[in-house]
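Chains as they are written, first to last, in the numbering used here: chain A, 102 to 619; chain B, 102 to 619.
Because the hints were derived from the structure by calculation, they are not lab data. Mixed in with the good hints, there may be bad ones.
Simulated restraints on C-beta separations [claimed, not checked]:
| # | chain 1 | residue 1 | chain 2 | residue 2 | range |
| --- | --- | --- | --- | --- | --- |
| 1 | B | Glu371 | A | Pro320 | 20 to 28 angstroms |
| 2 | B | His368 | A | Asp497 | 42 to 50 angstroms |
| 3 | B | Ala444 | A | Lys326 | 53 to 61 angstroms |
| 4 | B | Asn443 | A | Lys326 | 26 to 34 angstroms |
| 5 | A | Pro396 | B | His368 | 33 to 41 angstroms |
| 6 | A | Gly566 | B | His368 | 30 to 38 angstroms |
| 7 | B | Ser322 | A | Asp452 | 30 to 38 angstroms |
| 8 | B | Asp555 | A | Lys326 | 37 to 45 angstroms |
| 9 | A | Gln311 | B | Glu371 | 43 to 51 angstroms |
| 10 | B | Ala444 | A | Asp451 | 47 to 55 angstroms |
Not the full set, but computed from the structure, chain B residues with beta-carbon under 10 angstroms of chain A [as the list claims (entries may be wrong)]:
| # | residue |
| --- | --- |
| 11 | Asp126 |
| 12 | Ser132 |
| 13 | Trp139 |
| 14 | Lys144 |
| 15 | Lys151 |
| 16 | Ser341 |
| 17 | Pro342 |
| 18 | Gly346 |
| 19 | Ala375 |
| 20 | Trp398 |
| 21 | Trp615 |
Ideal Cβ positions, reconstructed from N, Cα and C, are used throughout, including at glycine.
Protein chains: 2
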Amino acid sequence: MAINMAEPAKALKSDYDLLMAKAKDIIIIGSIQSLASWDMETKMPPKGIKQRSQQLAILSQIEHQMTTSSEIGTLLSKIEKHVAYETLNELQKRNVYLMKKQYDEQTKLPEKLVVETARQQALTIDTWKKAKTAKDFSMFKPELEKLLALRKEAAKILMKVKETRTPYDALIDIFEPRMTSEMIAKIFGELREGLVKIIKKCATAPEKPQASILMRKIPPSVQQKISNELAQFIDYDVKSPKAGGRIDETEHPFTNGYYDDVRITTHYYENNPASSLFSVLHEGGHAIYEQNLNPEWLYQPVGMGASLGFHESQSRFVENIIGRSREFWTYFYPKLNLLASNAFSDVALDDFVRAINQVKPSKIRVEADEVTYCLHIIIRFEIERELIANKIAVADLPEIWNRKYHDYLGVEIQNDSEGVMQDIHWASGYYGYFPTYALGNIYSGQLLTKLRKDIPIWQDQIRTGDFLQVKKWLTENVHQHGNLYDPADLIKRITGESLNVQPYLKYLDEKCAWIYGY
Amino acid sequence: MAINMAEPAKALKSDYDLLMAKAKDIIIIGSIQSLASWDMETKMPPKGIKQRSQQLAILSQIEHQMTTSSEIGTLLSKIEKHVAYETLNELQKRNVYLMKKQYDEQTKLPEKLVVETARQQALTIDTWKKAKTAKDFSMFKPELEKLLALRKEAAKILMKVKETRTPYDALIDIFEPRMTSEMIAKIFGELREGLVKIIKKCATAPEKPQASILMRKIPPSVQQKISNELAQFIDYDVKSPKAGGRIDETEHPFTNGYYDDVRITTHYYENNPASSLFSVLHEGGHAIYEQNLNPEWLYQPVGMGASLGFHESQSRFVENIIGRSREFWTYFYPKLNLLASNAFSDVALDDFVRAINQVKPSKIRVEADEVTYCLHIIIRFEIERELIANKIAVADLPEIWNRKYHDYLGVEIQNDSEGVMQDIHWASGYYGYFPTYALGNIYSGQLLTKLRKDIPIWQDQIRTGDFLQVKKWLTENVHQHGNLYDPADLIKRITGESLNVQPYLKYLDEKCAWIYGY
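Can you make the complete structure from the sequences, with help from the hints?
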């Protein structure tokens, strides 16, 4: 006997719409937090910090109340148990799933723990800044220990909610849904092996790029114009009356915003113009991802990036696969010289391209080249995995860090400011975050393989300054899917294969073979 | 028989503290709205407008929910009827009064109306910008009509709550508490009469300032430096690591913020440096008012300016009474010439001071001289009073506007961008706002009379670049009182007399007598 589902389906849709109205409010509050953070980093007068922390605190509180409201709990149980549940389409089910996940996680964390973590986080970041300036890990240690203990407590709770194998896996899941430390360990092993081979080939190669030629003095005002030109190339509009972006200057570059208002920042070093060149392309890659999300999904949980790893795949794709390619510079090099009063007119195009692709093990992650970069990540992953598993203590960090940098990269760390204290992530309580940087690179390699099949002439397009075809491909293959799939499913859907490090290694090896002539 | 009030007073204080905690949350939400508005006017990418209106709408909704919460209603009735009510001090009673006033007004406004108004406001401002650029009132008209209808609806509701004689009076009360259109009409009559006399004296005077000498080309980057110098003179910190202010550029200058984060904007016209000079002093006057509020009253209802009129008294005091005085320019003229590569080195100090005080009827309010300025306000007052009373329609605005400008100021409006669309106020839904500009001037005249008595040598101080004594006087007499008194009470408390237009007219007449040699 067939049951008429029209009436129940209508009732369900009405509950679903109510849930989506709640989701919209939560997302808009998030976008306001985002604006307040952007302003704090870019424009806020220094004295405004106390008022700003009050503003951020109240916004967090409102968001938490909204996310954990009993109305949402009731709607979720009604929808999930609903007789007509199967009448929801894939998109609607995903929205419900994402709301449920958020609700479960947020309601299980005791408010006391959340508040205490936020407080300790601010304190630890503040101490980190001071300790980093003072090059004194012992200053940082006690605060980091407190914050780590709080994150471990949260991880234990989240492990049960998310049903992960370890507490660390529960933290990874925050940034890269359903990714596990076991999968990461396996793929990072393969990645490391491949990278070490390439690094050795470069080290013994006959040709050596001259990276020092990049150190030319270009005034920040000119670098600004170059940034605008780069933004125009990737179709990230920061100037027209319809612009949905803007570029400002901060100590550390970042991307902020959503859909029609996505802003990036960069840092202009007068004697190192390459720094802002590539940070603008990197953040621009993040920005166009956010801007190209399906406009129909605005203010819905699916209308977000798929994961931090996928976000990073887009930024690294634009920064490296496009931005460090010979094709791009064939197009852009004359423009650069035009804008920068021929600052590089004595440098041949190929020498410039080689210089921006130099492979050289170094101490600082954010300054690392494409090939050695992931080794910095692997070190951090290995350390934080053991840290959360209580296998190592905060006190051991400097020693372990320095040893790994010696073993993996062959560099000797002189002090903890250029060592274990170089990044803000652990001071912010972000454990499980670092692996996503390397995952992004791996995804980008897989995407490149697929792009080559779909648009065999993509490099010719870039050479003539046409990024729009590649952008369209990225939009259709990545951006438009938003958060409809977990990253593991998304990469398979796009490329037909699971997470695979070989395409990325192949890309690097081919590039280095040309750069180093091996 | 004496009643022991200790226990009831303690219970009352506990309710009062709960009420103040609610007040704090509401004020912080207000400060977030303020930030979102500032960003919208200064930094937001154009495409962000829709997202911004959603953000502003949800903040309005949250603010409305907080303001009208039943907890506040309950606390207010408990406190007002409390046996120990008289144990509250004047400050506490004022806080309760202000919360009650807000609660009564807001509970009567339907949430739908509030949210819809916020949304329409953002859209109307956006349309106003486009229509103004296009010099096309017909573009602006439909959005303005929608917004006006919403404001009229609110005015009718507020009239009952506030027990005002007309809906328009209820709107005036938002900006200038307890001021009425009848009082304004009366005092504006006296003001107009006095101004017309002065204008006539100037027009027939033997000496004429040469305002054209002000039209010197000064690059915006230099004007920026001059702005910073002016900010420093009035002790408005925009540069140090402890700065609580900043200066940005917008089409129309404004002040935004509260206590430790107060931002001003200006507009740099390359060939008219005087424009930004005086807008920086004007907005700076607003800014120091906000920054000098009693720090103990932060996040309390009393920790606000007394009214828009009082706010304007401070901006006009700094812009005109200080900023257009011979004393100030004795100090600042060499600095100006130093910063601006001697742009005015061929102009004698007195000729410069005469030029910046030229009296000449003109079309644009924000560019009007001190004497004709209030006629612009009187025109707007007369028009909006009739607009809210349904005596004229939006469609009639251009014609009525242009006729009044002809009649009152003798100028012919060529298009609506220099006419009825010149100001943002009506596009923002601010009706009842314009009169406060003239009230501010009137208050500033009364304050000047008192300052002369209290600090007879104030002009000598300004002449040596010392504004700090006057600032201290303003702080003690105006800023520190915050919103403790209604404006009518405050002006009486400071000067010993009620609202009186004569001191302002006397100040203008004396100044013009010197400028024009009559």
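Subject >> Verdict for Pro396 (chain A), His368 (chain B) (Cβ pair) under range 33 to 41 angstroms >> reply: holds, 34 angstroms
**OP:** Double-check Lys144 (chain B) for me: the hint is only fine if its C-beta lies closer than 10 angstroms to a C-beta in chain A.
**Re:** holds, 7 angstroms
Original post:
Taking 10 angstroms as the limit, does the beta-carbon of Asp126 (chain B) come near enough to a beta-carbon in chain A?
Top reply: Check passed: Cβ of Asp126 (chain B) comes within 6 angstroms of chain A, closer than 10 angstroms.
**OP:** Starting from the hint 43 to 51 angstroms, judge whether the C-beta atoms of Gln311 (chain A) and Glu371 (chain B) obey it.
**Re:** holds, 44 angstroms
Original post:
Going by Cβ atoms only, is Lys151 (chain B) closer than 10 angstroms to chain A?
Top reply: Holds. Min distance 6 angstroms.
**OP:** May I ask you to test the hint 30 to 38 angstroms on the CB atoms belonging to Ser322 (chain B) and Asp452 (chain A)?
**Re:** holds, 36 angstroms
Original post:
Range hint 47 to 55 angstroms: satisfied by the CB atoms of Ala444 (chain B) and Asp451 (chain A)?
Top reply: holds, 51 angstroms
Subject >> Restraint outcome when Ser132 (chain B) is required to lie within 10 angstroms of chain A by C-beta distance >> reply: This hint holds: Ser132 (chain B) lies near chain A, its Cβ roughly 6 angstroms from the closest one there, short of 10 angstroms.
**OP:** Take the C-beta atom of Gly566 (chain A) and the C-beta atom of His368 (chain B), compute their distance, and say whether it sits inside 30 to 38 angstroms.
**Re:** holds, 36 angstroms
Original post:
In this structure, is the beta-carbon distance linking Asn443 (chain B) and Lys326 (chain A) contained in 26 to 34 angstroms?
Top reply: Holds, since Asn443 (chain B) and Lys326 (chain A) (Cβ atoms, about 31 angstroms apart) stay within the stated range.
**OP:** Verify the interface restraint on Ala375 (chain B): the C-beta must sit less than 10 angstroms from at least one C-beta of chain A.
**Re:** Because about 26 angstroms separates Ala375 (chain B) from the closest Cβ in chain A, which is outside the 10 angstroms limit, the hint is violated.
**OP:** Look at the Cβ atoms of Ala444 (chain B) and Lys326 (chain A) and judge whether their distance stays inside 53 to 61 angstroms.
**Re:** Violated: the Cβ-Cβ distance is about 28 angstroms, outside 53 to 61 angstroms.
Against the hints set out earlier in the document, violations occur for numbers 2, 3, 8, 19, 20 and 21.
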